[in-house]
Amino acid sequence: MQFTVTDQGDGIAVVHIAGRLNMVTAPRLREVVAASVAAGQNRVAVDLSDVDFIDFSGLGALIGGLKATRQAGGDLRIAAPNEQVRLVLQLINMERVLTAYPAASSAFHG
Amino acid sequence: MVSSSTHTLTLISPPDDVNTVHALLETVWADAAHVSPTDRFSFETALIELASNVLRHADTGCGVTCGLRLEVSEDRIDGRLNDTGAMVTELLLATDRPVDLSVDADVALAGVLATREMPDVLCESGRGMALIHALVDELDYVRDNDVNHWHIVRTLRS
Numbered sequence: 001m002q003f004t005v006t007d008q009g010d011g012i013a014v015v016h017i018a019g020r021l022n023m024v025t026a027p028r029l030r031e032v033v034a035a036s037v038a039a040g041q042n043r044v045a046v047d048l049s050d051v052d053f054i055d056f057s058g059l060g061a062l063i064g065g066l067k068a069t070r071q072a073g074g075d076l077r078i079a080a081p082n083e084q085v086r087l088v089l090q091l092i093n094m095e096r097v098l099t100a101y102p103a104a105s106s107a108f109h110g
Numbered sequence: 001m002v003s004s005s006t007h008t009l010t011l012i013s014p015p016d017d018v019n020t021v022h023a024l025l026e027t028v029w030a031d032a033a034h035v036s037p038t039d040r041f042s043f044e045t046a047l048i049e050l051a052s053n054v055l056r057h058a059d060t061g062c063g064v065t066c067g068l069r070l071e072v073s074e075d076r077i078d079g080r081l082n083d084t085g086a087m088v089t090e091l092l093l094a095t096d097r098p099v100d101l102s103v104d105a106d107v108a109l110a111g112v113l114a115t116r117e118m119p120d121v122l123c124e125s126g127r128g129m130a131l132i133h134a135l136v137d138e139l140d141y142v143r144d145n146d147v148n149h150w151h152i153v154r155t156l157r158s
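One line per chain: the protein sequences are D and E, in this order.
The first sequence begins at 1 in my numbering and counts up one residue at a time.
The second sequence begins at 1 in my numbering and counts up one residue at a time.
Because the hints were derived from the structure by calculation, they are not lab data.
Keep in mind that the hints are not guaranteed to be accurate.
To be verified - Stretches of chain D that chain E covers, calculated by requiring three or more beta carbons in the stretch to come under 8 Å of a beta carbon on chain E:
1. 13-24
2. 51-57
3. 81-87
Claimed, not checked - Counterexamples of contact, computed for chain E against chain D with all Cβ distances above 12 Å:
4. Ser3
5. Leu9
6. Ala33
7. His34
8. Glu71
9. Ser73
10. Leu156
What you are looking at is a predicted structure, and each value in this text was computed from that prediction instead of being measured.
Here a beta-carbon is modelled for each residue, glycine too, at the ideal position from N, C-alpha and C.
Start from the sequences and build out the full structure, keeping to the hints where you can.
Spelled out as structure tokens, the structure:
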């Protein structure tokens, strides 16, 4: 599992994740989002294009990040989820809360 | 005609974790070309959720040993997970669902397993059992001789 954070300016951070987002790696996502918010980047786009699998620990981390960014006046958006991620989002009616954007780079633009 | 395949794994945590289960599943799917992506994703998500809950909540400080047996046949995927962890009441409490511990644990669990309601959308935990229910056709639990026996089955849709 790899996390890469890119500062896009204007308070926007893109977090690219590669691998599985599960109970092993979810705590790292919480840390990354918390660090971004602390650094003033309270608009976080999570690039899921290279995430193979997500479980509820991973979703919990996304929801925690959503709360953290919104409490700071920002937002968290996800981009390019695969079929398994979309399936889980649908199951828990999370699609209306975590809307999927085609690309992380444009999640806060356009 | 699709022949059945059986895969087994002994998981000792620590150091094993859910990634060990993912690794087994990769070999399972390699032998099961007839299983559609939706069936594969659904079963894998349910099994990983079950294993995650067991590893997270059944460990009383001495680690957990799990036996996992997966069988893929022409029309279903059958998974059996046995663990030496704590009694399942810990897992029930972890669902964030009110459980009456004054009643027999199996009865209490039956009540939880029969419930398919999802917690609030923004709740960060507590969806485990409801999620598993939504992804498989059978979910059974029995505790026997200090061992938890979990059984999940998904009937293949396509």
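Which numbered hints fail: none
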